[in-house]
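Can you build the whole structure from these sequences, using the hints too?
Protein chains: 2
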Amino acid sequence: MSDLIELAGRAAASRPRVVIVGGGFGGLHAAKALRYLPVDVTMVDRRNHHTFQPLLYQVALAVLSPADIAQPIRTILRKQENTQVLMDEVVGIDARARKVALESGAQIEYDYLALATGATHSYFGHEQWAPLAPGLKTIEDATEIRRRVLLAFELAERQMLEHGWHPPLNFVVIGGGPTGVELAGAISDIAQLYMRHDFRHIDPAKSRVLLLEGSPRVLAAYPEDLSAKAEQTLKRLSVEVHTHTQVTGVGPGWVEAGGKRIDAAVTLWAAGVQASPLGKMLGVPLDKRGCVIVDSHLNPPGLPEVFVLGDLAHFEQDGHQVPGVAQPAMQMGDYFGKALAADLAGKARPNFRYFDKGDMATIGRMAAVAKIEWPFKGHWSGFPAWITWITVHIFFLVGFLNRLSVFAAWIWTFFTFTRGARLITGSQQLPGWQDKGPKPVGDQPETEKVAAGS
Amino acid sequence: MSDLIELAGRAAASRPRVVIVGGGFGGLHAAKALRYLPVDVTMVDRRNHHTFQPLLYQVALAVLSPADIAQPIRTILRKQENTQVLMDEVVGIDARARKVALESGAQIEYDYLALATGATHSYFGHEQWAPLAPGLKTIEDATEIRRRVLLAFELAERQMLEHGWHPPLNFVVIGGGPTGVELAGAISDIAQLYMRHDFRHIDPAKSRVLLLEGSPRVLAAYPEDLSAKAEQTLKRLSVEVHTHTQVTGVGPGWVEAGGKRIDAAVTLWAAGVQASPLGKMLGVPLDKRGCVIVDSHLNPPGLPEVFVLGDLAHFEQDGHQVPGVAQPAMQMGDYFGKALAADLAGKARPNFRYFDKGDMATIGRMAAVAKIEWPFKGHWSGFPAWITWITVHIFFLVGFLNRLSVFAAWIWTFFTFTRGARLITGSQQLPGWQDKGPKPVGDQPETEKVAAGS
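In order, the protein sequence lines correspond to chains D and P. Here the first sequence is numbered in the working numbering, starting from 68 and rising by one per residue. Here the second sequence is numbered in the working numbering, starting from 68 and rising by one per residue.
Simulated from the structure, these hints should not be mistaken for lab results. Glycine included, every Cβ here is placed at the ideal spot set by N, Cα and C. Please note: incorrect hints may appear among the correct ones.
[Unchecked claim] DSBU-like, lysine-lysine: derived pairs with alpha carbons at most 35 Å apart:
no. : chain 1 : residue 1 : chain 2 : residue 2
1   : P       : Lys99     : D       : Lys146
2   : D       : Lys166    : P       : Lys347
3   : P       : Lys273    : D       : Lys166
4   : D       : Lys355    : D       : Lys405
5   : P       : Lys146    : P       : Lys327
6   : P       : Lys503    : D       : Lys204
7   : D       : Lys99     : P       : Lys405
8   : P       : Lys506    : D       : Lys166
9   : P       : Lys503    : D       : Lys273
10  : D       : Lys506    : P       : Lys166
11  : D       : Lys347    : D       : Lys424
12  : P       : Lys347    : D       : Lys146
13  : D       : Lys347    : P       : Lys405
14  : P       : Lys273    : D       : Lys302
15  : P       : Lys204    : D       : Lys503
16  : D       : Lys503    : D       : Lys99
17  : P       : Lys166    : D       : Lys273
18  : D       : Lys99     : P       : Lys166
19  : D       : Lys204    : P       : Lys166
20  : P       : Lys347    : D       : Lys503
21  : P       : Lys146    : D       : Lys273
22  : P       : Lys146    : D       : Lys506
23  : P       : Lys355    : P       : Lys327
24  : D       : Lys146    : P       : Lys405
25  : D       : Lys99     : P       : Lys506
26  : P       : Lys355    : D       : Lys503
[Stated by the list, open to error] Only part of the chain P face toward chain D is listed, based on derived beta-carbon distances under 10 Å:
no. : residue
27  : Thr109
28  : Ala134
29  : Ala137
30  : Glu156
31  : Ile175
32  : His193
33  : Gln195
34  : Gln259
35  : Leu260
36  : Ile491
37  : Asp502
Printed below as a string of structure tokens:
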């Protein structure tokens, strides 16, 4: 490793230096997998906290508080003595010289690099849609969505109280994958169940939730029978599901889809993801979403000391790409530990193999769909799938998050029909919403109206 | 009431219309006190939530989540049928025509007005200090302070890790009233106890907490013996208490006080409050902080249909001004109900009288000072006062907030020495902090250094 000698100002490393970038499921499992290995680990993340992303939509919809599903990375790793945590952003990777450049100006050398920076929203080249239709990847995204959804009801109530009418209270969710389905179901829950006694002038239950999906079915990555179940369940919750519907425009207060302009008090984006830009810095082949194509050791071609983990990795198994969800990311992190242990022992690295236990998405208060692969195979839906979902997520939370508070919040929410975290913080504006004054005269397309309540 | 007839476009009121502005302790108690009266109540607040201000500092210091101490005003009042809640901001009051103007452009008429918009920070004419030294009045303030305090430790760790030194990790709290004392004690707790296992390169216990107070003693509104106890306790917690110390300048990364410039990684403002600007709109006499001078019915002179409640009211009893804390605000709100009931019954209004049960301030993990007036008189300090504080605040929380989650968080924090809500969200910059690079050569005043840890 002649490169190391060129780097000035640092003592020669006595143990291999491992840099892990990203404290999501992949990165955290990678760090934990190195716990007993004779290596020096630096975990770098631009945030101070790990976010339990599968429950992020519950923060967005006021069931949980941000701190219920997030924990400081350094607290999670506090007892792991070979590991230090650095809050900084990686802005460059020199894969030849084996060092990463940080936003603060410093550089860190590595003998091994694990890149686990995940994915972010993709607006398919329409970046100007981002402020109009926020997506859901971070705690900040979740509180922003919460702010918008709750504010829409408040502004409609104000408009009714002051002027006797209000514009359509439509919630438009773009994208029918798991996040879109969970958001649409949960907004419907809020409107139908949790808000109904709080307003005097609007009827929240008469608001509309529209789910727009470009492909022929929701949950396109799931088996067809579960997609059908999900669509059924959504319709039972009064969500209007529009498949085969391409969104062609997003503006303040409206969405254009299928050649029609739809009023939208709140627009949410759950349509596309793209890989974190760090993949590009390796100078290796990427797929069309920017994911790094890796071999059976999770290495990009020609870089055996670089491992790409989680959503940022494009890994194919049995002819299919492993999906960008929590399970594969955790397993990839665990694999990283095995691969390093093999290296240190002078043995050949094992091959990574994804062990698929299945996948689940909730749809509102008491329903879910589950494609179960282990310990038995099956397609579940409705209440049994929902109970399974709850159980699995409680178990997942054990260990690095305070599961008790989440469990307490769920019990509270379930039985009291109130939501504990209905806070509007920050700006009190919505894109496209000004005071609408008295009702305008003239035609409005009937389909776009929401009956004014009370 | 001839004014009402002049107002066009509204049906004549069949019942007196009551407008309450502000959903703090005063406003909420006022609304609840009208529950069974034949009046139509509109509660106006520019926020959607009531904030339990006495526990705000625990959000600022990562013990509690924002939602633990805040609840939507409309949820609190959901079952009160004569009351509607409007999220809007009052921007004008026409006391002659008896109407308030709203930010959204509408106006509301009233037969009775309760003004309970409280107080905000006063920077004594130095408004440019506000972004450099945030105060603590709202949920947003609390998360901003949390962000800065946690970020300071992260940035110091990063600086140490990358460059082997860090600038002084000083937390400067300006103002030695209850809020300043609580903040200083709680920051010391965080640094001394809660962070100690999380960092590898800095020693959080070696950070400094400075409490600057212009007057001769902290907690100047308390009896002298309790001030002395408080100062003693703060010193035991390693807080450096500087009384007789006027702050003359605040800049990015520093505070100027007593002719000296002090490095400050984080500066917090707890020095002064001023009344909400709504008092001015009544066109009646104000005191020097902008509070409305009210008579024994809590009315300003000449406006018997206007009641000023809580921190916005300047009410004197037995030659002393009633302090701007939660107890008097609640009692003023309750009184409002009695005064209206008397009016409706055609009886004379009773006089308001503040019943002082005492006052308390916590100082860190296990100490407090309490001036108890009821059910017996006494000055308490240390652990007994702290237990009293906990008990009283748990009882206060009953009814309109989810006290269980707060209690659980306290137990958790107390026994595990971890804090559940250590989230940094938003910007990752601190005023005055850039990457400091390698240690500068040349003199730094010794008193201003913090020993670099590890």
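Worksheet item: For this structure, which hints from the list above don't hold up?
Response: Violated hints (numbers, rising): 1, 2, 5, 7, 9, 12, 13, 14, 16, 18, 19, 24, 26, 32, 33, 34 and 35; every other hint is consistent with the structure.
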